[in-house]
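Engineer: What follows is each chain in one-letter form.
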Amino acid sequence: MFRTRMLLLLAVFLSVSPSSWGQTPQIQAEIDAQLKALRTAAPLAFPGPASSLVAEELAIRALTVRIDRHLDAFWAKNKITPSDVATDDEFLRRLMLDLAGRIPSVAESRAFVASTDLRKREKKVAELLTKNGYLNHFSTTLRQLWAPQTIDNQQLQFVGNQFEGWLRGRLRDNAGLDAIVREVLTAPTLFARNRTGGMVADTANTPFGFNQANEFKPENVAASASRLFMGIKMECAQCHDHPFAPISRDQFWETAAFFAELQPAIANSNDAKAKREIRIQDPDPKKAKIVEARFFDETEPNFKDDVSPRSVFVDWLVSPKNKYFARNAVQRLWAHFFGLGFIDPIDEPGLENPDLIPELVDDLASTFAEEKFNLRILIKAITRSKAYQLSSRQTDPSQANPRHFARMNVRALSAEQLFDSLALATGFLEPNVNPQQRAFAQGPRRDFLTKFASTERATERQTSILQALTLMNGKFVNDQTSLERSQFLAGLTDAPFLDVESKIEILFRTSLSRSPTSQEAEKFSSYVLRGGTDNNEKKALADVFWALLNSSEFILNH
Amino acid sequence: MAISPLSRRDFLRLSSVGALGASSSWLPALAADAAANPERKRACILLWMNGGPSTIDMFDLKVGHANGGPFREIATSAPEVKLGEHLPKLARHGKEIAVVRSMSTKEGDHGRATYYLRTGNLPMGALQFPTLGSLLSKEIGDPRSELPNFVSVAPFRQFAQGAFGPGFLGPQYAPLVVGENGRFGAPQPNENVDNALKVQDLDRPTDITTQQAESRFDLLQDLERNFSDERPNLVARSHQTAYDRALRLMQSVGAKSFDLSTEPDKLRDSYGRNVFGQGCLLARRLVERGVPFIEVNLGGWDTHANNHDQVKNLCGFLDAGWASLVGDLKDRGLLETTSIIWMGEFGRTPKINQGRGRDHFPNAWSAVLAGGGIKGGQTIGKTSEDGSTVEGEPTQVPDLLATLCKALGINHTKTNNSNVGRPIRIVDKAAKILEPLVA
Numbered sequence: 150m151f152r153t154r155m156l157l158l159l160a161v162f163l164s165v166s167p168s169s170w171g172q173t174p175q176i177q178a179e180i181d182a183q184l185k186a187l188r189t190a191a192p193l194a195f196p197g198p199a200s201s202l203v204a205e206e207l208a209i210r211a212l213t214v215r216i217d218r219h220l221d222a223f224w225a226k227n228k229i230t231p232s233d234v235a236t237d238d239e240f241l242r243r244l245m246l247d248l249a250g251r252i253p254s255v256a257e258s259r260a261f262v263a264s265t266d267l268r269k270r271e272k273k274v275a276e277l278l279t280k281n282g283y284l285n286h287f288s289t290t291l292r293q294l295w296a297p298q299t300i301d302n303q304q305l306q307f308v309g310n311q312f313e314g315w316l317r318g319r320l321r322d323n324a325g326l327d328a329i330v331r332e333v334l335t336a337p338t339l340f341a342r343n344r345t346g347g348m349v350a351d352t353a354n355t356p357f358g359f360n361q362a363n364e365f366k367p368e369n370v371a372a373s374a375s376r377l378f379m380g381i382k383m384e385c386a387q388c389h390d391h392p393f394a395p396i397s398r399d400q401f402w403e404t405a406a407f408f409a410e411l412q413p414a415i416a417n418s419n420d421a422k423a424k425r426e427i428r429i430q431d432p433d434p435k436k437a438k439i440v441e442a443r444f445f446d447e448t449e450p451n452f453k454d455d456v457s458p459r460s461v462f463v464d465w466l467v468s469p470k471n472k473y474f475a476r477n478a479v480q481r482l483w484a485h486f487f488g489l490g491f492i493d494p495i496d497e498p499g500l501e502n503p504d505l506i507p508e509l510v511d512d513l514a515s516t517f518a519e520e521k522f523n524l525r526i527l528i529k530a531i532t533r534s535k536a537y538q539l540s541s542r543q544t545d546p547s548q549a550n551p552r553h554f555a556r557m558n559v560r561a562l563s564a565e566q567l568f569d570s571l572a573l574a575t576g577f578l579e580p581n582v583n584p585q586q587r588a589f590a591q592g593p594r595r596d597f598l599t600k601f602a603s604t605e606r607a608t609e610r611q612t613s614i615l616q617a618l619t620l621m622n623g624k625f626v627n628d629q630t631s632l633e634r635s636q637f638l639a640g641l642t643d644a645p646f647l648d649v650e651s652k653i654e655i656l657f658r659t660s661l662s663r664s665p666t667s668q669e670a671e672k673f674s675s676y677v678l679r680g681g682t683d684n685n686e687k688k689a690l691a692d693v694f695w696a697l698l699n700s701s702e703f704i705l706n707h
Numbered sequence: 149m150a151i152s153p154l155s156r157r158d159f160l161r162l163s164s165v166g167a168l169g170a171s172s173s174w175l176p177a178l179a180a181d182a183a184a185n186p187e188r189k190r191a192c193i194l195l196w197m198n199g200g201p202s203t204i205d206m207f208d209l210k211v212g213h214a215n216g217g218p219f220r221e222i223a224t225s226a227p228e229v230k231l232g233e234h235l236p237k238l239a240r241h242g243k244e245i246a247v248v249r250s251m252s253t254k255e256g257d258h259g260r261a262t263y264y265l266r267t268g269n270l271p272m273g274a275l276q277f278p279t280l281g282s283l284l285s286k287e288i289g290d291p292r293s294e295l296p297n298f299v300s301v302a303p304f305r306q307f308a309q310g311a312f313g314p315g316f317l318g319p320q321y322a323p324l325v326v327g328e329n330g331r332f333g334a335p336q337p338n339e340n341v342d343n344a345l346k347v348q349d350l351d352r353p354t355d356i357t358t359q360q361a362e363s364r365f366d367l368l369q370d371l372e373r374n375f376s377d378e379r380p381n382l383v384a385r386s387h388q389t390a391y392d393r394a395l396r397l398m399q400s401v402g403a404k405s406f407d408l409s410t411e412p413d414k415l416r417d418s419y420g421r422n423v424f425g426q427g428c429l430l431a432r433r434l435v436e437r438g439v440p441f442i443e444v445n446l447g448g449w450d451t452h453a454n455n456h457d458q459v460k461n462l463c464g465f466l467d468a469g470w471a472s473l474v475g476d477l478k479d480r481g482l483l484e485t486t487s488i489i490w491m492g493e494f495g496r497t498p499k500i501n502q503g504r505g506r507d508h509f510p511n512a513w514s515a516v517l518a519g520g521g522i523k524g525g526q527t528i529g530k531t532s533e534d535g536s537t538v539e540g541e542p543t544q545v546p547d548l549l550a551t552l553c554k555a556l557g558i559n560h561t562k563t564n565n566s567n568v569g570r571p572i573r574i575v576d577k578a579a580k581i582l583e584p585l586v587a
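As you go down the protein sequences, you meet chains A and B in turn.
The first sequence begins at 150 in the numbering used here and counts up by one.
The second sequence begins at 149 in the numbering used here and counts up by one.
Calculated from the structure, these hints are not laboratory results.
Hints are supplied without guarantee of correctness; some may be wrong.
Said to hold, decoys possible - Label pairs and their in silico Cβ distance ranges:
no. : chain 1 : residue 1 : chain 2 : residue 2 : range
1   : A       : Phe-452   : B       : His-213   : 40 to 46 Å
2   : A       : Gln-636   : B       : Gln-359   : 25 to 31 Å
3   : B       : Glu-533   : A       : Val-456   : 45 to 51 Å
4   : B       : Ala-214   : A       : Lys-624   : 53 to 59 Å
5   : B       : Asn-501   : A       : Phe-452   : 44 to 50 Å
6   : A       : Asp-433   : B       : Glu-484   : 40 to 46 Å
7   : A       : Asn-550   : B       : Gln-359   : 21 to 27 Å
8   : B       : Asn-567   : A       : Leu-578   : 38 to 44 Å
Unchecked claim - Some chain B residues close to chain A (C-beta under 8 Å, calculated; not the full set):
no. : residue
9   : Phe-307
10  : Val-325
11  : Gln-360
12  : Asp-370
13  : Ser-376
14  : Glu-378
15  : Arg-379
16  : Asn-381
17  : Ala-394
We put the beta carbon where it would ideally sit given N, CA and C, even for glycine.
In isolation and in its complexed conformation, chain B is listed as follows (with noise of 0.2 Å):
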């Protein structure tokens, strides 16, 4: 469990990368070329949305019921699909995006939520699920590619680590994680958000010339050596293979993209100048460069008391980010191949509590798919009147994942190697794919 031998020969070359860097002109070219190439993989992007969105204030409104609250519903540019009066630029967007509103799950608990939505399982003994961005970018990534296949934009963990990580699939499937904070509550708009999304520590520091690098990297692989002959282990296997990519990223000229700064500002403003806007922004230059999988997270939905309020300012966030997002796709040409999934772990109690919030609610609520592979322009599912239960076929997690596998041109039915040695499909076999959301 050496590190390959790789990685010294990128050491020798990284001397080479700083001036090629340098000359970002070429970069532009590069993302032009990566939309027109026939051969090109698709891409999906997951909007995260930590501590239960209401869903019932922004995809599935109950006007005129007590439940429904003080918002409107807004048309959009596609009649079958309506949404709530705080996501006004979505709206523009309402062809592309597919509602589904007959979400149902059992799961009230944030830690078993986030990991049953999230891995499409739920926590079972010593089984460890992985992720959907490491489970599916393994699918459609490039193993040899210098960028990581996997960027996660400011996750919050905390609920459920396990459920943000590779699991059985290995260190090697580990997302590349920026902009992480710890902040479970929503984002702070006009922070300086540039340095949080960039990738820190990327450069070897200026007072070690390249050929002390490599050679320090000499020395430090045969103390590897030594160790994991003796005492064959995953965290050292887990350590040696973090500082394998590590290098590799230091080297890839891709690294650039996570430098928003050569963005015009009049589109990073679009985006909305906040963490997650900025890594809507940083989720698109990703794409262009081939990175298959990025997930963006943005908290803050734990809306106990003060709901509407709460989700008003949320909106602002989430419909800024993402209608330039699907905007700026379509332009590029990047959203047919490129699939958006929208969804947190559970919804909000219909029944508005005493301190004007809602509860967590996992049995009725919605979740969004839009771009590449999905037909958007329509809304399958629907809650009773109150909001409270899903009338006709429920759609169960495994349902929603499996559709976006058929999206993506993943069999969903194939199997990885799990820990405790059993194979585990992808998503578990009883799922029914949603087919008339599948273009």
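Chain A with its partners taken away, still in its complex shape (with noise of 0.2 Å):
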């Protein structure tokens, strides 16, 4: 019912016909009150320069509204009948993985279903943005993505933190992606002097793991730019011209030779030209030439000596005329939320793999670039679209294609989103460390980060048979279910207060972040209230708990 009254108020501020959306007197009453005080009390809604804040809601309303339409098209073209909105609960649980790398606990959840404002849906990813989870989870996420060689490399481990640190400040202070991505590849680089003319690199208060993860070489920085920030994958044409993408071995090390300044030997040599041009790398000496650096789309580089070479790809690969830095932030961004994106793998275009729903892709880029690569606004307007606040449940068999968004796919968690929640799950309390050194600490949180480390889709990624073993007899999971080890489960057990339902429904709560079915309640209970396998209520509560641990539904993201 929330979801239809808010596809209608949206509807009508834009102008839509809502006629499909089934609305009644009462609701379209609401909704015409609700419009005028948003015009009429904007500047008190949103306190702060309000004329932005509201060209911003906009923004993100219009969004909204644009991939719900394009996506009620494709579905209808394809017949597909998309599942049931989400409930609160369902909504809540996935929303916090999603923004703030957790699940709810039983408070935060208690009081997000209780809550009758209308747009509490909305509210709560405004405010989620703003909380240390989001800053947490998306440096966590980025870090992983750009610089996935420094989590278990053990030498890179230490700038790596510091990068994800520095992400870290960067969404913190709402950086534009193009800002961001601008200062990851103008990095300091080894051998540059810092402000009081020394040889040491600021490897705290810059992206500087970036390139060290990229070894300081030109190709692979080059390779790893493309990837990530064009979702062009050019490594191969390294060593011959790509198969898929338009990329030739010359156009790879032309692209290489922006960054020539990363190499020792020309850091910090005065002749520009050596700094645009770079050896191609071959056995055979015929092919080994030296090219000079050149866009592959052919624009010509502007060039001035005082300007770095890296500058100015920057200057290319941000600028609203290169369309491939939008469109491949939106398609991972459109995946963090769904799993998958429009294209995928999304770093492979090419014949094999068409983009189903390009004028979606186009809108939201567009987007994006109009809104200045503001993060917040993609993220508001994706979270607020009809595909996200669908339920994970198949009500159609038309919706069994997970590239397809017509019910919510159901997607592994990160190693850290998993134990995370476990942890807020079981009331573990980590052992207190500074942020620096919590990456390198030792105990349960660095065992379940190396064991469920994985790079593989969030909708396909396999469960091992060790993982497997690790969340039924493991220690962690073994004391977190057990009376005498675990303060949580003493101390529901044991409260006097509560029923074995009230008990049971707060273990659904606090795993689930849902109350037992009608059915599920009457088994557990009876389950308990015959005192499981040993006439013991508390043991049996015990194994309740073990079992909504190591179900899937705790496991998995939907």
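Join these two chains into a complex; the hints should help.
Structural biologist: As structure tokens, this is what we get:
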């Protein structure tokens, strides 16, 4: 009901025909009142520089409606009936995993369900975007995407953590993605001089780790930049012409040439020309020629002797004329919320991998560029979309294909999401360590991050036998479901003011962020009331908790 | 997609397993039976050299040429096979190994090359090709076996995650992974590897009774059914499959294979006390118990700098593990039915760079086949005097893999259904079997 109202609200606001959404006179009146309030009271509703915030809100709403229109059209054309709107429980759990990297607490989920605010879903998004959870989760996610080498390579871990800390700061400032990428691609080189003229690069306050992860090699940085920021996997063109993308071997090296100054011999050179050319690495001396920096789309680079060629590259990369940058970014952000982009893999475009809804990507990309690559605007629009609000339940066979977004895709959690959710559900208190050391600290979190790390698609990730054993038999889950070793469980089972049904309700809500269904309530209560297998009510509650924490519903995002 | 009814019964049997497993005197007898059994299926061991091994310093030396470097060439028990000087133990088994000196590909990027060699295909859009172990163990493994059909020892997956998984074959063909530590470099000598190679958390916690464990699983099964019935999806299916297989493994007597402490110290020493060496020993134990595919990974081959010192060091690990494996399998009569393939994602540049290293070189390099189904004691293919090109017909990746299939008695043109709806052959049909290698 709530969702219908919101859609109607948007529809009226943007003069879209609401007829298909089943309006009633009461709802219509409510919408009119809300609209009036929004129009007249905007400065009050949005403290601060009101006009820009209202403009921002308008942009978000406009984009949401366009997303919905494109998907509605796509579904209609392919005779797809989308699933139902997700319940508040379902929505909040998913939203918190996607934005804060963990499931909601019992208190958060109860408060959300109880709220009668019509705009509570979008308000929750806005609230979460200002919280540490978002900064932590997105900086971790970006670091894993942009500098995956720094996760498991011990020598790179330190700079990787610094890189993550830097990303966190940029996200806190809500820097545009163009600005963030600019800083990443023009980060200090190994031998660059710092402000006082020393040779030590400022690793802590710059995205230095990105260059180090790429071994300060122009060809590595160029390959990463093109894959991560344009969605074009150039690596293979390093040795031969690209099989799919229009990238030749020479073009790969011409791109790498923009990063020539990363080489120690050239870093502090005054030779401007040397900073924009590179020798193709080839065992055959005839092929090992020197090429000059050029854009593969034949745009003419505007070099100036006192401007780093890397800056010239970024100017071109984030220019509105370069459609690759915004398109790649929106594909990746969409995939963050749905498990898949519109093409898959995102960085291997080609005939075998067609874009299913190109108009939608165009719209997302152009709005993203118009809004100065403001991530929060894009996030708000995507999370308000009808597709994101859908249940993961399959209500019609036409919803089967995960690339059609006709129901929410069921996705694996990242290792961090899994552990942080387990910790929250079980009341586990992580030893207090400062954020810099946290990444190195030994303990259950580290163990989980190692054991559950994966780069597989979230919609297809495989649970290994070892992971299953860890969850079934491992020390952490065993401790957290032990009456002797878990304070949370001991406290819950001992609580004299709660009956068995309430205790089971709490176990469901802390793990699955919902109440049990009536059948579940009946089955689990009768199991506990008869004392499980040992004629012991408390032990039986521990069994219920174990089963909940081992369930797909807990382990997955849906 | 609920957990199969088998699981519940398996749980009931868990209690009796402890007792059976403890009296392990029957284990050697089981192993002896395995070798004698005429119905015995074949097994395959992949020795995967992550990073791209310098084959020019090991299997195709260019002594006297500037590209050759400082290593000498040594003779082996087979006149036709010559090796680098740092593989003296393997040289004793020259009659068992066949060196292919004509490998040639175009992929010089770790990720793509790893994917190519380990799946037989280049990454292609949404298609998820299975790794060799999943493909082949599906053909020669028993789906009902309690031990997994595919065990992977100490993989380094970061170059190409997809090259280490079952791809479109699905989760039931995924490997059981032990000894994974994410280390890209060479093994550390004298590290305690026994724990690393054990299956962690295999035992039910001591404070949980069998009955309790069983009813926990009952509760779980209901939750699973509700969730998956309403939301058919791949990840939950994989989650449930993993639980199923974990349960089967828990109640399997063969799980004792992962405990290497029952092996004689002297034998263990001969394999080398490191993850690779003990991984080779584990491979032999698993072959004895009917596991059809084991891969043992050795990393550290990305020798861009100081190549020769690093290769010498790595050869120490490789030589001990590989030579002991061949000898041990032979002693037990298992070598005839066990094919071994040794390879990395590419070779290294013949030209030695300024840092005394060698860089990525896919153009001309070597791979090795040995054991069951392979006519050992020979070298096929030839590279130019400087090692930079293959002279004569180059061997493509599908050719090598099809030859391995032939050695294992697998028809490589058989197809599997893929995730994009079209059938995909085990190995591309353009593959040409290297007939002289097949016994």
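Engineer: Which earlier hints turn out false for this structure, listed by number in ascending order?
Structural biologist: 5, 7, 9
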